[in-house]
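Produce the entire structure from the sequences given, and follow the hints as far as they go.
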Amino acid sequence: MGELRVSGSKQLVDTYGRVHRDLRVSLTDRCSLRCTYCMPADFSDWIANDKLLSTDELITVIGLCVDAGITQVRLTGGEPLLRRDIVEVVRRINELPQPPRISLTTNALRLAEVAQELKDAGLTRVNVSLDTLDPVRFKEMTHRDRFHDVIEGIEAAKAAGLTPLKVNAVLLKGVNDDEAIPLLKHALANDWNLRFIEQMPLDAGDLWARPVMVTADEIQSELEREFELTPVPSRGSAPAEEFYVNGGPETVGIIASVTRPFCAACDRLRLTADGQFRNCLFAREETDVRAILRSGLPQSEIDAGVQAIIESVTKSKLPGHGINDPNFIKPDRPMSAIGG
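The letter at position 184 of the sequence shown is residue 184 when you use the working numbering, and the numbering goes up by one with no holes.
A portion of the hints provided could be inaccurate.
Said to hold, decoys possible - Okay, derived cross-link-like pairs now, DSBU-like style, lysine-lysine, Cα gap no bigger than 35 Å in a straight line:
hint, residue 1, residue 2
1, K185, K51
2, K158, K139
3, K173, K158
4, K10, K51
5, K315, K166
6, K185, K139
7, K166, K10
8, K139, K51
9, K10, K315
10, K139, K173
11, K185, K173
12, K158, K185
13, K185, K166
In case anyone wonders, no lab produced these hints; they're calculated from the structure.
Encoded structure:
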């Protein structure tokens with residue numbers, strides 16, 4: 001499964017000519033951490049279980065997306081490893097007639113338990129979120145004393161062959177913005193593909209504020225105090241700007257969703273855990289696919305209805321998310337509900 005799968009001749013093309021190949025699927029809005037930039041420590045406004053898509057419903061929608069032209073599926077959350085049947089979900093996606101490439105974004109707390117099972121089921125790689133190398137700071141930032149579980153999860157993923165292993169870090173001013181260089185040094189020494197992500201206005205509450213966001217320019221400038229960074233020539237539709245570190249071959253990435261939007265090349269659609277289709281992480285509009293899945297109609301009519309939603313959501317995608325527009329209003333739902 002190392003090569004990109006091609007789902008046939010169909011393509012999902014929006015009105016701006018962008019071909020959509022990547023589907024982000026949130027499996028749950030629940031999370032086992034309480035990262036300070038994501039949700040309050042006492043957050044409990046979870047989606048009711050009966051509103052979450054079942055595994056059969058997920059596979060129906062993912063299969064139809066693959067039929068329409070999707071070639072890559074990223075499983076997200078919340079924390080996707082909290083879903084009890086996560087291995088079955090991966091296996092069933094991989095058993096589709098033209099299976100997509102399957103990856104997963106995780107906080108890695110349970111990864112040591114299931115890494116090999118996930119690999120055997122068809123998962124190709126993982127993205128792990130880790131914002132600090134200091135166990136004490138980790139506890140302060142996440143409200144959980146689980147730093148060593150994350151490291152064990154990363155090592156288990158590497159041992160299982162879930163590579164290249166990407167590690168995502170969010171830097172906050174006055175909190176962990178002194179760790180850009182230590183994180184990159186550690187990543188280079190441990191064969192991690194490190195990517196820094198600008199903090200985005202997708203928190204559960206009013207936690208985001210532009211003045212405390214560490215920008216891509218600031219991250220790059222800090223790294224260049226110690227490393228020579230050379231832009232990787234071809235970016236394609238990848239969200240990260242990649243830079244060779246000291247001539248390469250190692251790289252570091254910066255995802256600048258706020259200050260350097262990459263909307264013009266975006267090839268992603270999103271399915272929330274409760275069955276809502278979105279064409280942008282920052283969209284305020286969603287289209288309900290769960291209602292059709294549970295309508296009681298014949299399967300052929302359900303499939304046709306879902307296919308129509310996939311096509312209409314793609315066609316209605318705007319040219320950009322508009323974060324830097326003075327009239328921008330952040331989505332009502334946090335990233336934990338949307339899926340990163």
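**Study point:** Earlier hints that do not hold, by number
**Key:** 1
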